[in-house]
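With the sequences and hints as input, model every part of the structure.
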Amino acid sequence: ETGVTQTPRHLVMGMTNKKSLKCEQHLGHNAMYWYKQSAKKPLELMFVYSLEERVENNSVPSRFSPECPNSSHLFLHLHTLQPEDSALYLCASSQDHAGGPGRELFFGEGSRLTVL
Amino acid sequence: GDSVTQMEGPVTLSEEAFLTINCTYTATGYPSLFWYVQYPGEGLQLLLKATKADDKGSNKGFEATYRKETTSFHLEKGSVQVSDSAVYFCALGTGNQFYFGTGTSLTVIP
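Heads up: the sequence lines are chains X and E, in that order. Numbering-wise (the working numbering), the first sequence opens with residue 1 and increments by one. Numbering-wise (the working numbering), the second sequence opens with residue 1 and increments by one.
The hints are simulated quantities; they were obtained by calculation from the structure and are not laboratory data. Just so you know, these numbers come straight off a predicted model, no measurement behind them. A virtual CB, placed ideally from N, CA and C, is assigned to each residue, including glycine. Don't take each hint at face value.
[Claimed, not checked] Below, simulated DSS-like cross-link-like pairs (lysine-lysine); rule was C-alpha separation at most 30 Å, straight line: (1) Lys-68/E x Lys-52/E; (2) Lys-56/E x Lys-19/X; (3) Lys-36/X x Lys-60/E; (4) Lys-19/X x Lys-36/X; (5) Lys-40/X x Lys-60/E; (6) Lys-19/X x Lys-52/E; (7) Lys-52/E x Lys-77/E; (8) Lys-19/X x Lys-40/X; (9) Lys-22/X x Lys-40/X; (10) Lys-40/X x Lys-56/E; (11) Lys-41/X x Lys-77/E; (12) Lys-68/E x Lys-41/X; (13) Lys-40/X x Lys-18/X; (14) Lys-40/X x Lys-68/E; (15) Lys-77/E x Lys-56/E; (16) Lys-56/E x Lys-18/X; (17) Lys-36/X x Lys-18/X; (18) Lys-36/X x Lys-22/X; (19) Lys-60/E x Lys-77/E; (20) Lys-68/E x Lys-56/E; (21) Lys-22/X x Lys-41/X; (22) Lys-60/E x Lys-41/X; (23) Lys-18/X x Lys-41/X; (24) Lys-19/X x Lys-41/X; (25) Lys-77/E x Lys-40/X; (26) Lys-52/E x Lys-22/X.
[As the list claims (entries may be wrong)] If you anchor each label on the Cβ, the simulated ranges turn out as follows: (27) Asp-54/E x Gly-14/X: 47 to 57 Å; (28) Lys-18/X x Thr-20/E: 43 to 53 Å; (29) Gln-81/E x His-10/X: 44 to 54 Å; (30) Thr-5/E x Pro-61/X: 23 to 33 Å; (31) Glu-53/X x Glu-15/E: 44 to 54 Å; (32) Glu-44/X x Leu-46/E: 13 to 23 Å; (33) Thr-80/X x Thr-20/E: 15 to 25 Å.
[Claimed, not checked] To list a few chain E residues with every Cβ distance to chain X over 10 Å, as calculated: (34) Ala-27; (35) Asp-54; (36) Asn-59.
This is the structure in structure tokens:
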């Protein structure tokens with residue numbers, strides 16, 4: 001398997017549920033990212049991990065909790081979400097967090113989250 | 001701060017028409033520029049990139065030239081196909097940051 005894989009592809013949850021999104025990259029990259037994609041809005045960067053350490057947290061509500069156990073895996077733990085959190089959550093990876101020219105992001109296919 | 005502005009859609013074209021999607025940027029340093037494409041139900045895929053002024057990125061018949069004098073990176077294709085229907089994102093990478101445009105939806109009709 002190659003690239004960046006995300007599971008589940010679709011998730012429906014109630015506001016009181018606890019669930020997790022999983023991301024795995026098979027590219028040997030050192031940096032991993034969570035983005036939120038909502039309709040008619042720019043991609044929102046949520047979290048960045050470099051060599052398993054969180055390097056950015058862009059004022060994301062605490063009901064989103066990331067975990068990076070190793071450089072190949074990234075999780076997003078979800079609890080007591082709100083309906084406005086419904087969106088496509090994209091995982092991405094890059095060779096390094098602060099790289100040279102041409103450093104690019106490789107995205108997974110996303111997890112479509114619906115909060116009822 | 002650094003940012004990217006791309007034309008709003010949606011854009012609807014007939015098959016074999018010429019495509020231009022405008023993208024301009026603001027950056028304090030020397031960014032790399034990217035076009036990503038998102039097909040329905042999928043994540044973003046890199047379409048092409050350019051790392052310095054006057055570079056031309058190209059892939060699958062799409063082209064974009066890094067114009068420093070006009071701070072632009074417009075996406076072009078000479079003859080679009082139905083399979084090109086997707087959302088296109090212009091992006092800027094500088095240092096440890098990426099900035100994405102809001103996306104332009106393209107629909108190509110037979």
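Structure versus earlier hints, numbers of those that do not hold, lowest first:
2, 6, 16, 26, 29 and 33
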